[in-house]
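Undergrad: Let the sequences and hints guide you as you build the complete structure.
2 protein chains.
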Amino acid sequence: MKPDVADLKFGHIFTDHMLKIFYHKALGGWQKPEIIPFENISLHPAAKVLHYAIELFEGMKAYRGVDGRIRVFRPDLNMQRMNLSAKGSGLPTFDGMELIKTINKLLTIDQEWVPHSEASSLYIRPTLIGIDGTLGVSQSESALLYTILCPVGAYFSGGNESVSLLADPSYTRAWPGGCGDRKMGSNYGPTIRVQKQATSQGKQQVLWLYGDDHQLTEVGTMNIFAFYVAENGKKVLATPPLNGLILPGVTRHSILQLAQEWNEFEVVERILTMQDVIKMQKENRLLELFGSGTACIVSPIHSVDYMGTEIPIPTMEHAKPVFRRILDRLTAIQYGHVEHPWAHIIDQE
Amino acid sequence: MKPDVADLKFGHIFTDHMLKIFYHKALGGWQKPEIIPFENISLHPAAKVLHYAIELFEGMKAYRGVDGRIRVFRPDLNMQRMNLSAKGSGLPTFDGMELIKTINKLLTIDQEWVPHSEASSLYIRPTLIGIDGTLGVSQSESALLYTILCPVGAYFSGGNESVSLLADPSYTRAWPGGCGDRKMGSNYGPTIRVQKQATSQGKQQVLWLYGDDHQLTEVGTMNIFAFYVAENGKKVLATPPLNGLILPGVTRHSILQLAQEWNEFEVVERILTMQDVIKMQKENRLLELFGSGTACIVSPIHSVDYMGTEIPIPTMEHAKPVFRRILDRLTAIQYGHVEHPWAHIIDQE
Numbered sequence: 001m002k003p004d005v006a007d008l009k010f011g012h013i014f015t016d017h018m019l020k021i022f023y024h025k026a027l028g029g030w031q032k033p034e035i036i037p038f039e040n041i042s043l044h045p046a047a048k049v050l051h052y053a054i055e056l057f058e059g060m061k062a063y064r065g066v067d068g069r070i071r072v073f074r075p076d077l078n079m080q081r082m083n084l085s086a087k088g089s090g091l092p093t094f095d096g097m098e099l100i101k102t103i104n105k106l107l108t109i110d111q112e113w114v115p116h117s118e119a120s121s122l123y124i125r126p127t128l129i130g131i132d133g134t135l136g137v138s139q140s141e142s143a144l145l146y147t148i149l150c151p152v153g154a155y156f157s158g159g160n161e162s163v164s165l166l167a168d169p170s171y172t173r174a175w176p177g178g179c180g181d182r183k184m185g186s187n188y189g190p191t192i193r194v195q196k197q198a199t200s201q202g203k204q205q206v207l208w209l210y211g212d213d214h215q216l217t218e219v220g221t222m223n224i225f226a227f228y229v230a231e232n233g234k235k236v237l238a239t240p241p242l243n244g245l246i247l248p249g250v251t252r253h254s255i256l257q258l259a260q261e262w263n264e265f266e267v268v269e270r271i272l273t274m275q276d277v278i279k280m281q282k283e284n285r286l287l288e289l290f291g292s293g294t295a296c297i298v299s300p301i302h303s304v305d306y307m308g309t310e311i312p313i314p315t316m317e318h319a320k321p322v323f324r325r326i327l328d329r330l331t332a333i334q335y336g337h338v339e340h341p342w343a344h345i346i347d348q349e
Numbered sequence: 001m002k003p004d005v006a007d008l009k010f011g012h013i014f015t016d017h018m019l020k021i022f023y024h025k026a027l028g029g030w031q032k033p034e035i036i037p038f039e040n041i042s043l044h045p046a047a048k049v050l051h052y053a054i055e056l057f058e059g060m061k062a063y064r065g066v067d068g069r070i071r072v073f074r075p076d077l078n079m080q081r082m083n084l085s086a087k088g089s090g091l092p093t094f095d096g097m098e099l100i101k102t103i104n105k106l107l108t109i110d111q112e113w114v115p116h117s118e119a120s121s122l123y124i125r126p127t128l129i130g131i132d133g134t135l136g137v138s139q140s141e142s143a144l145l146y147t148i149l150c151p152v153g154a155y156f157s158g159g160n161e162s163v164s165l166l167a168d169p170s171y172t173r174a175w176p177g178g179c180g181d182r183k184m185g186s187n188y189g190p191t192i193r194v195q196k197q198a199t200s201q202g203k204q205q206v207l208w209l210y211g212d213d214h215q216l217t218e219v220g221t222m223n224i225f226a227f228y229v230a231e232n233g234k235k236v237l238a239t240p241p242l243n244g245l246i247l248p249g250v251t252r253h254s255i256l257q258l259a260q261e262w263n264e265f266e267v268v269e270r271i272l273t274m275q276d277v278i279k280m281q282k283e284n285r286l287l288e289l290f291g292s293g294t295a296c297i298v299s300p301i302h303s304v305d306y307m308g309t310e311i312p313i314p315t316m317e318h319a320k321p322v323f324r325r326i327l328d329r330l331t332a333i334q335y336g337h338v339e340h341p342w343a344h345i346i347d348q349e
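Going down the list, the protein sequences come from chains A and B. Per the UniProt record's numbering, the first sequence runs over residues 1 to 349. Per the UniProt record's numbering, the second sequence runs over residues 1 to 349.
Check each hint, because a few of them may be wrong.
Chain copies aren't distinguished; within one or between two, either way the pair holds.
[As the list claims (entries may be wrong)] With a cut-off of at most 25 Å between alpha-carbon atoms, the simulated BS3-like pairs for lysine-lysine come out as follows:
id, residue 1, residue 2
1, Lys196, Lys25
2, Lys9, Lys25
3, Lys25, Lys234
I should point out that these hints are in silico values taken from the structure, not numbers from a laboratory.
TA: Structure below.
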C-alpha cells in the first residue's frame, strides 16, 4: 500500500528507486544509466554544486489516466529546457529523448507509486549537478544527472485556494544579462529571504517586479497571466514575453497554445506594469490574475499588496473564469479524459 | 611529507581532517562540532542545496610566519560576512568567534599542512549548506556547516602575472534587489558561461559591468581598484562603493584601510565607468588597475577588451606600483615580518 497522498505536503515522500547517470569528461562523457534503490548521494566536500551552485533541475508530472495508463505531460519541452539550463551552467548537455526513455523505465519500475486518483500525481525531478571535487570557480568536468520521484497531492483542488501576493519593488529575481530564464538553482536560493518577508506580512507568494516601471515578471516559482478587458472593449489573455527575465514555463506555453486554439479572445505576450494593473483594476477591466506552473497548473490570485496598498483582484468572482477553463482542459488531457499528443503514454511492461 | 605546493593547482589537494557542525531546528539548533577524517558528505537526493542553491561559503588563509607560528588573516571579518550570507539564504546564523575557535582546533590538528614557505599558504573554506531532504522552494530547517582546508601555492608570485580582461556589457553579475553582496553560491554558477566566453576570446578574467553607463563592479571573483591621476593632478586610489552589487571583500577593506593610513594619495569609494577608464587612459592619467581577493591578494591588469577595442592598462609599467606596495605590506603582515592585529596567531598546542 502506498501512502494516501491527498494530505501529503509537496515533496516529502519519495518512491523506492532513483535514476543516476554520471558524466566524466576524462572517461569519454556520459556513463551507463543506473536505476537503483533510493539512497543518499555521496559527494566530495569540495564538489562544485555545494560551493558555486553549479546545478539545475526540471519538474514534470506523471498522471494515472482514467484508463489506468500512465501519462507524462510534454516531457520533450522539459528536456529542451534542461539542456538550455545545462548550457547556462557550463554542464554537459545530453540527448533528451534518451533521458525520457530512461525516466520511463524508472516510472515503469515504480509505477504503483503513480496515484490511482485524479486528485494527485507523481512528481518527477530530474536534477543535474557539477561534482568535481575541486575549489575554484570553473567548469565542472564531472557531473551527476539523477532523477527522483515523489507522489504529490493536488496543489489546487477545490478551486477556492486563491493566493495573496506581496509585490515589493526593492527585490529583484532576474535581470538582463543574467540567467533568470534558466531553471538553475541559482535563481531560487536568493528568493527564500523574500518569501520569508512575504509570509511575515501575511502574504502567500511573492510577485516579482522588474525595472523602474515595476513590470510584473513571475509569481513565486510560477509564470503569471492576466485576463482583462482592453480599452477597445476586447478581452485579452496576456503574459510577459520571454525577454530573458522569464522562465519559459511548459504550462505557460501550453496555456498560450490552448487559448490561441480557442480563438475567443486575444492572446498576447506583453509587458504588464503595476500601473497597468492598478488602472485596469480601478476601471473594473481586470478580470483575473493567475500563476501557472507544473506543481499547481494554475493558481488564482485574489490580492496584490503593492507599496502599502492592498489591490483586490476579482479572479474568484466570475461564474466561469478562464483559469478554471484552462485547468479543466489541461487536467482532461493529463488524466486521459481526452486523447491529446501532449500526454505521452508510457508502455507499462 | 606534505606535497610541494609551489606547483599545485588551486583547490585540488586537501588536508587529513575536516570540521562538521550540523544544525537541526527540531533538535534545538546547532549540534556539537566534530573534527573527523576528511571524507565525502552524504546528502539526501532532495537536499535543498542540490536544487535551490541554498549554500554559501567563505575563503580565508592560514600563513606560516617567519617565526614558525601560524597566522590567520582577519577571520573576524569573514565570520561577519558569513553570517550576512546566511541571512541572505534563510540559513541559521552562528557565533563567529566560536567558529573561529573551532576552526583553530582543526588548524592545530592539521598544522603540518600549513606550508613552511612564503610562497604558499593553507586555504580555509568554511561552507554552509541547507540539507533538508524535501522538494519545494522554502527555508531549510536543517543545515551543515563544514570546513575543509587545502594547501595552495602563491596565486601571484613573480610580480609579472598580470591579466587581460573581457568587459562585455551583455552579461551582468549582480543587480539591485539581488544578493550580489553576499558570498552565496548563487552568485557563481551563472558566471561559468561568461568565464568560458572570456577564455574563448583569449582573455583571462571577466570584468563585470553594470548599468547603461557600464560601471566597473568586480573582476572575476575579485574586487577592483583603479589608481589614477585626477583632473586636479592629485593621485587617487578608487574602488566601487558597497552599493549592494559589490562583495564586501576583506582584502578590499584592508587595502582601503592601509592606503588611508599611508595618507599619501586620496582614497575613495566611487563609481567608475568604462568612459572614465577610457578617458583617463587616453589622457595618460590611468596608472594601475588591479583586482583584490583572498586567493591572489592583488592581481594586476594589463588590458581590457571592451566593445571590440583592446584598452592597454599600464599597471606593469611603473617602477614602484601601488599594487606591489600593497602586496608587500599585506604579505609582511600575513607572514609575520611585522606584528599586526590583523594577523590572528594560533596557539599551536
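Undergrad: Tell me, in ascending order, the numbers of any earlier hints that this structure violates.
TA: 3
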